[in-house]
Amino acid sequence: MLLLSRHLDQAPNYRADVQHFLFGREFRAEDLPFSEKLIRAHVKNGFISLRPGIMPLNENIFDLLGIRKKWLCARCGNRDQEAFAFCSCARCGKKCVYCRHCLNMGIVRSCTQLVTWQGPEPGFDRAFLDGRPLCKWDGVLSNEQQAAATAMKRTLAARESFLMWAVTGSGKTEIMYPAIEGQLRQGHHVALATPRTDVVRELLPRLRAAFPDVPISGLYGGSEEENLRAPLVISTAHQLIRYAGRFDCVFIDEVDAFPFHFDPMLEYAVHKAAKPGTPFAYLSATPPSELKNRFLSGSLKGVKLARRYHGHPLPIPRFRWIGSWQKLVQRGKLPSVLHEWLKNKMEAQQQVFVFVPSVSTAAALTELLQRNGFSRSAGVHSEDPLRHQKVADFRSGKLRLLVTTTILERGVTIANVQVGVVGADDPIFDEAALVQISGRVGRSAAYPNGDVVFFHNGKTLSMVRAVRHMVQMNQEGDR
Amino acid sequence: MERCLFCGEMRGDPLSFHNLFSPEYAPGFCLSCREQLVPIDPRHCCRLCGRDLSRLDRNRVTEGTCSDCVKWANSGRNGLYVNNHALYHYNPFLKEMINQFKFRGDVRLADGFAAELTRAYRRIVHNCVREQSGILKRKPSFLLVPVPLSSERLLERGFNQADVLARQIGAPIVQALVRVRDEAKQSKKNRAERMRLRATPFQLNEKAAVSLSGHKILLIDDIYTTGATMRLAAEALAPARPDSIRSLTLIHG
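Sequence order for the protein chains is B and R. Just so you know, the first sequence maps onto residues 1 to 479 in UniProt numbering. Just so you know, the second sequence maps onto residues 1 to 253 in UniProt numbering.
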């Protein structure tokens, strides 16, 4: 008996701060704010698991037999063999492989250990689950929206993935609320991921207002300290790389947006952050073909919303031929078609987005417009340090005209804005981009119509397809 | 390896007979990255520290030597130390590159400097041949000595950047120095603190020291800023009785 009680006394213990720090997250051993001794004791007692940062990649029999070894980075999922390099490592004294893809988060070598929590799940403060409704949003969903929301909530509760294919301005964010509430009520960890910082910055205040009692952590490049105890995390896909096996449900907004399909690391990061078998909810106006096919063939559940929340159809773009506008801009002349259109809009006291294909043309066109008497205008692009300020000025109405690259193609809602796409025939404007850009117009119920003009020098297939897409959505909405 | 080592874009070098027929051409940087590097013209640099004189105030230059080097010469601390050669002028782009190489640990980037470093090494050897008097000229043999890190810093970083650069050259390397004291990072100090006379943090590695006697030494490091490190290293090497000590760095900044 004595022996037994002593045995119980020595039952391995863990520290709560280590548990909270590491639960559902994964770090390099050297990044931990704890002493090596403490970590080793936790590893010995089985609370913490270690795995090598670089693993040999054996996808098929040829990899096993091949002379040249292939590698996989366990942190970022990189399997591009050109993005691995060798170094003679002073730590382990051997030749180490390292991943060049995720260097900016601290180097991962073959001798690097990735550390995660595998002990008991920490107790989270669930005081907000007191039986009262969590969602304090006081708007009303239309019948169609309500049906979509219910379907989404049910499907996710049944642990199945869901596609919300909804036109721009259909109120996707609000449709998510019942599903998010349902997941939170079950005590789940929920992530809302999106490829873009701008979208996180737009969503965060809206969700904080809708769920005032729920601790929400917002993560984007340069965001404030994260709240490790928050059950709801709104994050860019990039920031999710530090998470591993934490979430029971993941919403991916704007799933087709750059750079989600451009960089396979982001998809890896989102899947790593989720527990195995987690249902995903995909939201988009222009789902990528892979999801679209799965939805149409019935293997992915989902709902298609073809009507905007205010019930008006999508504004259909007009095509205007503008000639070789680049040459004119280079010579310092504003194309007359564009000049006239903009002058009309300014006289009608309307705000205008002018989308252009590249950063250099954005700068050139902005300068040209300012010289031609459009004084309250500005240009933005992704590297612009004043970007957020300029967008805020445009929102408040201080600026009337904003020249932008595709960075503002989604997630921006401004009432009564008009859109011109200059150089719509450029390959950077694919079907999805053009649909999203056209979707900036007529989003508010007060101004459900608006003007979208594609200024082009020769129609492209993308332009035609984008229009066909929107016409088809309008027809489906009429039914 | 047709992608740029730094930005990852396609290199897009114009096709030439050389790269058309070579099976795999040397790793390197793309044109737009190379354009942002500012090479130092060896004909217009300080004789002693290798800095780009065209970027310096006129009145700080006397007979092809910058005022800093005049100060060093007057201080009597040069000893066996002859001069420094540097490849590039320090600019924000190179700073970003060095940051990725040194602090993030992307050792692979050093491969992109291999050709330039080797060329600079040959030029140093060639200059030595020219300086010899007499008819029979002997090709001097240099021993490369990478400026070491302290063992703590080496463990933290995982590699010695000077050693990685020295390996690109392909001349014999001798690890003749050991850094015994872990001082605050040079890059965290100001100019006066760096140049102040202080005890050398380096120690001669006794085993390697025997092989140095009578040889010309080329110290290798990533960056030459005030020259204090080089003088301290030269001071520590002096007891091994080398013939002379020069240095080669990637950057003068």
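Just so you know, not all the hints are guaranteed correct.
Stated by the list, open to error - The following label-pair restraints were derived from C-beta to C-beta distances:
no., chain 1, residue 1, chain 2, residue 2, range
1, R, L31, B, C92, 47 to 53 Å
2, R, R123, B, R15, 48 to 54 Å
3, R, H44, B, C92, 54 to 60 Å
4, R, Q175, B, C92, 46 to 52 Å
5, R, A171, B, G332, 34 to 40 Å
What the hints assert, rightly or not - Simulated crosslink set (DSS-like; lysine-lysine; CA at most 27 Å straight-line):
no., chain 1, residue 1, chain 2, residue 2
6, B, K345, B, K459
7, B, K95, R, K207
8, B, K94, R, K207
Unchecked claim - Which chain R residues face chain B? A few, computed with CB under 8 Å, are given here:
no., residue
9, R3
10, L37
11, R104
12, R108
13, S150
14, E152
15, L154
16, L155
17, G158
Honestly, the hints are just simulated from the structure, not real lab data. C-beta: ideal position from N, C-alpha, C; glycine also.
Each hint, compared with the structure:
no.: 1; hint: R/L31 / B/C92: 47 to 53 Å; in the structure: violated (37 Å)
no.: 2; hint: R/R123 / B/R15: 48 to 54 Å; in the structure: violated (59 Å)
no.: 3; hint: R/H44 / B/C92: 54 to 60 Å; in the structure: violated (45 Å)
no.: 4; hint: R/Q175 / B/C92: 46 to 52 Å; in the structure: violated (19 Å)
no.: 5; hint: R/A171 / B/G332: 34 to 40 Å; in the structure: violated (56 Å)
no.: 6; hint: B/K345 / B/K459; in the structure: holds (24 Å)
no.: 7; hint: B/K95 / R/K207; in the structure: holds (25 Å)
no.: 8; hint: B/K94 / R/K207; in the structure: holds (23 Å)
no.: 9; hint: R3; in the structure: holds (7 Å)
no.: 10; hint: L37; in the structure: violated (20 Å)
no.: 11; hint: R104; in the structure: holds (5 Å)
no.: 12; hint: R108; in the structure: holds (4 Å)
no.: 13; hint: S150; in the structure: violated (12 Å)
no.: 14; hint: E152; in the structure: violated (11 Å)
no.: 15; hint: L154; in the structure: holds (5 Å)
no.: 16; hint: L155; in the structure: holds (6 Å)
no.: 17; hint: G158; in the structure: holds (5 Å)
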